[in-house]
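Asker: The primary structure of each chain is shown beneath.
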Amino acid sequence: MGQTIFDKLWERHVITGETFEPQLLYVDFHMIHEVTSPQAFQGLREAGRQVRRPDLTFGTTDHNVPTVDIFNISDLISKNQIDTLARNVEEFGIDAATHGSARQGIVHMVGPETGNAQPGKVIVCGDSHTATNGAFGAIAFGIGTSEVEHVFATQTLWQVKPKQMKVDFIGKPAKGVYSKDFILALIAKHGVDAGVGYAVEFTGEAVAELEMEERMTICNMAIEFGSKIGLMNPDQKTYDYVAGREFSPKDMAAAIADWETLPSDADAVYDKVITIDVSKLAPMVTWGTNPEMGIEFTESFPEIKDFNDERAYTYMDLKPGGKPSDIDLGYVFIGSCTNARLSDLQLAADIVKGQKIASKLTAIVVPGSRPVKEAAEALGLDKIFLDAGFEWREPGCSMCLGMNPDHVPEGVHCASTSNRNFEGRQGHGARTHLCSPVMAALAAINGKFVDAREVVA
Amino acid sequence: MDKFTVYKGTTVPIMNDNIDTDQIIPKQFLKSTDKTGFGKNMFFEWRYLSDGESDNPDFILNHPEYRQATILISGDNFGSGSSREHAAWAIKDYGFHAVIAGSFSDIHYNNELKNGILPIVQPLETRQILAGLSPDETIEIDLPNQVIRTSKGDFTFEIDAEWKRKLVNGLDDIGITLEYADLITAYEKKRPAYWQA
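Line by line, the protein sequences are chains E and S.
The first sequence begins at 1 in my numbering and counts up one residue at a time.
The second sequence begins at 1 in my numbering and counts up one residue at a time.
Okay, chain E solo, but in the shape it has when bound (with noise of 0.2 angstroms):
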């Protein structure tokens, strides 16, 4: 019987265990952040232990960073995070793209950007979008402190191995309709908990037709799904854009040698597979409270099925029967580590070239990190937006989660391209929609959703 992906990355990190118990498997990088890791630090400095890997850790700054006038932290408990990781890397010999330096992002940005997410990896961080990074062939999930902590210490975790899921998509896309609908239909159609237990291998061809940035864009929402580890194949576009990365391998021919055995068998059994078809997809539009409440564009609102979606409603102060068409919008933002790489940003750029947003909007966006910023910028991206009237912000985790000063208004409605639209995600009573980025430069344009297939050539 074949073998799949996950399989065998699987084999290749256990140190000891038995199959369905929980086993101790080697991480080979670890990304960590100002948020999650405080209190791993302090837990090995008051067991007296140290960092077994430092050079196997990288750290970054993202969730408490302001994206204007970055230096001046008015909020000092945000400033003593934030300083608190400058410490902690620098006392336990950490390498770290920290605070306004030129390596600087969002953690799940920085890691592929650096060259250190690579197939065959097993990657860690205390963020649950860490699953981006499986988009290049690597086991990457999201953990709590402890286990931050655990990973300093040891350079390992005990994990129980999941259930494996193929979720296979299928044709060809129409015009206007991208990989962050994918990820969206998946999640409407079978729900925010069907990936729990999974680790999801996401292949088709319509995934092999994606770059790479796209692919992020799927598995970083596979915890929208449940799943906490979203992976895919790696090819040819894997290897070139990992290749001549500052930390990619000093010898590219050993290791693409190695990664070309990864990709799943041909005959390998899963214990679930779902296949989407998408060139049946229309652009999505989340109405409610998770990233399941979400339709299609031409779509309307559900009926009240029970009393979570009664709440939803209610919180968002929507009925069933409307229609996405008919969301009054009053922020925009393009940002976060689903959908702030430079070809998120490219193609909202092109929606808005020469156009102005809508009089009572805002409109924001926010690079995911630092070389994301530079490389729009040398595009006359920046200017674009600007010219628009859109603002052109620092790196960051944004409004995404707000815990910088970015929030949307309470009761405003938000088209944006993050990834959760839960109650008070971007702000006290804030009311989030999840659409591409594509979605959210017509919505800003418009003032409200208009269909992306009508528009883009």
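Among the clues, some could well be false.
[Said to hold, decoys possible] Covered, in the sense of this in silico footprint (three residues per stretch, anywhere, with C-beta under 8 angstroms from a C-beta of chain S), are these stretches of chain E:
id : stretch
1  : 40 to 51
2  : 75 to 87
3  : 156 to 165
4  : 190 to 200
5  : 253 to 260
6  : 397 to 407
Quick caveat, the hints were computed from the structure, so don't treat them as lab data.
Glycine included, every Cβ here is placed at the ideal spot set by N, Cα and C.
Since chain E is already given, all that's left is putting chain S on it; use the hints.
Answerer: Showing chain S alone in chain E's frame:
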């Protein structure tokens, strides 16, 4: 870690599905660099009125008869979303010792265990019975025998044997792992050469 063997306490039901960790502890409280003090802000948006201080009388945790509850009964997919362990710290700091839900997010499940909170999966019928218990009924959670004992019947539950051993004995995970240091070192020597500096 505290040992968890046989625990007796009263219950409170919050039966919503998909209670995410943003709900359990909102982002504004993640800025602490400590593990304690999160309990007062657990379920912040639901628990307090818009001034952020006055108790919301409609929220069940604020009902006088449920204020002493230490076992939470909940819906499906408890602890979804963000990996923030602050959610588990909040649950523990508030005084909950166990959460009985339809299912748990994979990351949050581990976070509860790492903090000596027992996550128990039960089907809806069982949770509905538990949710209907009088707020002053003390129930018994017997981890060694994997059973919940109540006036309305006993309910067995599953847990991984190794996790059970760690909880019952209050074992420190890192301490256990460090006993395998030789195996970890041996593993490191056979990692692919193209990753070595």
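Asker: Work down the list of hints and note, for each, if the structure agrees.
Answerer: A quick look at each hint next to the structure:
1. 40 to 51: holds (count 3)
2. 75 to 87: holds (count 6)
3. 156 to 165: Three-residue rule met by the stretch 156 to 165 of chain E, so holds; n is 4.
4. 190 to 200: Holds, because 4 residues of the stretch 190 to 200 of chain E bring their Cβ atoms closer than 8 angstroms to Cβ atoms of chain S.
5. 253 to 260: With 3 residues close enough to chain S, the hint holds.
6. 397 to 407: holds (count 3)
Of the hints listed earlier, there is not a single one the structure fails to meet.
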